[in-house]
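Since the structure of chain A is already known, use the hints to place chain B on it.
Sequence order for the protein chains is A and B. Just so you know, this note's numbering puts 316 at position 315 of the first sequence, and the rest follows in order with no gaps. Just so you know, this note's numbering puts 82 at position 39 of the second sequence, and the rest follows in order with no gaps.
Honestly, the hints are just simulated from the structure, not real lab data. Nothing here was measured: the structure is a model prediction, and the numbers come from that model. Hints may be right or wrong, so weigh each one.
Claimed, not checked - Facing chain A, from chain B, some residues (calculated, C-beta under 10 Å):
(1) Ser62
(2) Val75
(3) Leu107
(4) Asp110
(5) Pro116
(6) Leu174
Ideal placement from N, C-alpha and C gives every residue a C-beta, glycine not left out.
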Amino acid sequence: MQGRLLLIIFGVTMFLLAILPGRFSAWLERPLVALVEMGTAPVAAPVNWAVRLVRRSPSPGFGGTGPVAEEVERLRQDAATFKVLYARALDEKERLERQIDQLNRGLALNPALPVRQFPAAVIGFHADLSSSLMKVRAGSVQGVLAGTVAVYDGVNLIGRVLDPVSDRVSRILPITDRQSGELKVAIFPGDLAPGRVSESSAQLAAATNPAIALGGPSLAANLTPRGDGSLVGFVFVLNERPGQPAPVAEVGTLVRLRHEAAWPRSAQMLVVGAIERVQTNERGRQFITVRPLFDVQRLSEVTLRLSAEDADSASPAGSGGSSGTPTPIRSTTP
Amino acid sequence: MNRLGTFIVGYILLALELSLRPELMLASSGGVGPSPLFLFPLVVFAALNAPLSAALWTAGLAGLAVDLAAVRPAAGTVAMATIGPTALGYLAAAYFVALLRGMIIKRSALAFGFTCVVSAIIAQIVAASILLIRGLLDTQLAPPPGLWLRLGDALYTALTAVLLFYAFRSLAAILGMSESGHRRFGDFPASMSGRR
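So here's chain A without its partners, still in its complex pose:
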């Protein structure tokens, strides 16, 4: 009889907790979630490691092995990094021009801020696979904060860290998750994904000269995650010059983040993905489908990027209640 009563109490408690809004049950849920995560990690992490060892992380490179292939891969990564630096320099120039305007009106300039990077192993996903939240082994002890940006291969934007951040584990909401919200992006004609060749002769010429491609008229879009790993949105033209034909979006072109209102400055111009499909509506507007270069669910490691800007805007110990001092692994740009 006592066993039955306890079961009934358990069932009623579960039902109440299930329908109560999160703010009422967070005090109970957070320590229990941390307990389950910490408890399952010793078994889940080796299995994850073994699975990812079998299914190696994908690379958009040219394939093959040997010293030549390695050199090509290294050059590809260098090119991608320099493209980001160049695009960011152009963006920074525009931003500084705007800030000078603002300064003239009495507003202060923000100092340029360095970026700290933390490599973090992906230790799994969550039982509810309808959301693509990733669990990574890096927490407030390493200096990770809610909002910290995660990238892969140096320049490919993966997502950002959600609140709460525990001491050694944090969760990343990928940009492709429906909950991630709208993403404002820039598209530079000729800025093609690795291994892609432009179909348009004008854009092929631009592709051979990134300076022309990145400095000229560009396209922008507001992308919405569709929930199937892709993002979609209408394209519009920026820096249009009279007399010049407007650039058009092309399959294979890289799409870069330009969303200062929602993302830190250090994340601007990171690669969101490549255009997978272009459709034109009856009014002539282009509608693009963008897919990240890497499948989020196949990554074994990501890099967390924390700028001093993020650290200043967050509480000193992080929202998870850190007991340690942030330990930078290495400092780099971009």
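Showing chain B alone in chain A's frame:
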């Protein structure tokens, strides 16, 4: 039922569920599709072979663990788990299996797989219904997976259930769950008090 043995096996299955489910998901790159459950077959095995109260507690606690492992984004900035839906779903499924266990061939892997599918469908319907109510009260929480996706999970679970059945049979001594103790429909009062 051996509580410690069941806890250890459940713990390993939960860890396998967290690490292998994304790999076994039937979906195109980046998409969401059905994936098999690993912990649920243990709930069904306990419901078939353990005393009713022990089986229900196993189901409730296993569901609670799955709930706590199922963290979802809320309002795009916060990660949170919803405690309860899966616990209640697993409880309902275990009760359903316990009601019918006198009529189920316990030595057949196919019968076990079929029982897992039917009871998983019940568990998923209960969990989805509760999450639907929760979604009406708390609009910030990410929408839960659709019922079709959950039913896909239930069907896919047949595969893991059949494989795990042989593992459970070989671990029957550790789990303390013997298949010999046939229970007929209607023996609940004795079972609830823990007597066999």
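Does Leu174 of chain B hold up as a contact with chain A if the rule is Cβ-Cβ below 10 Å? holds, 8 Å
Can Val75 of chain B be said to touch chain A, with a Cβ gap under 10 Å? holds, 6 Å
With chain A as the partner, please determine if Ser62 of chain B meets the hint condition of a C-beta pair closer than 10 Å. holds, 4 Å
Can we keep the Asp110 of chain B interface hint, with Cβ of chain A closer than 10 Å? Where the cut-off is 10 Å and the nearest Cβ of chain A is about 8 Å from Asp110 of chain B, the hint holds.
Classify the hint on Pro116 of chain B as holds or violated, based on whether any CB of chain A lies nearer than 10 Å to its CB. This interface hint holds because 4 Å falls under the 10 Å limit.
Any CB of chain A closer than 10 Å to the CB of Leu107 of chain B? Leu107 of chain B check passes; min Cβ-Cβ to chain A is 7 Å, inside 10 Å.
Consistency note: the structure conflicts with none of the earlier hints.
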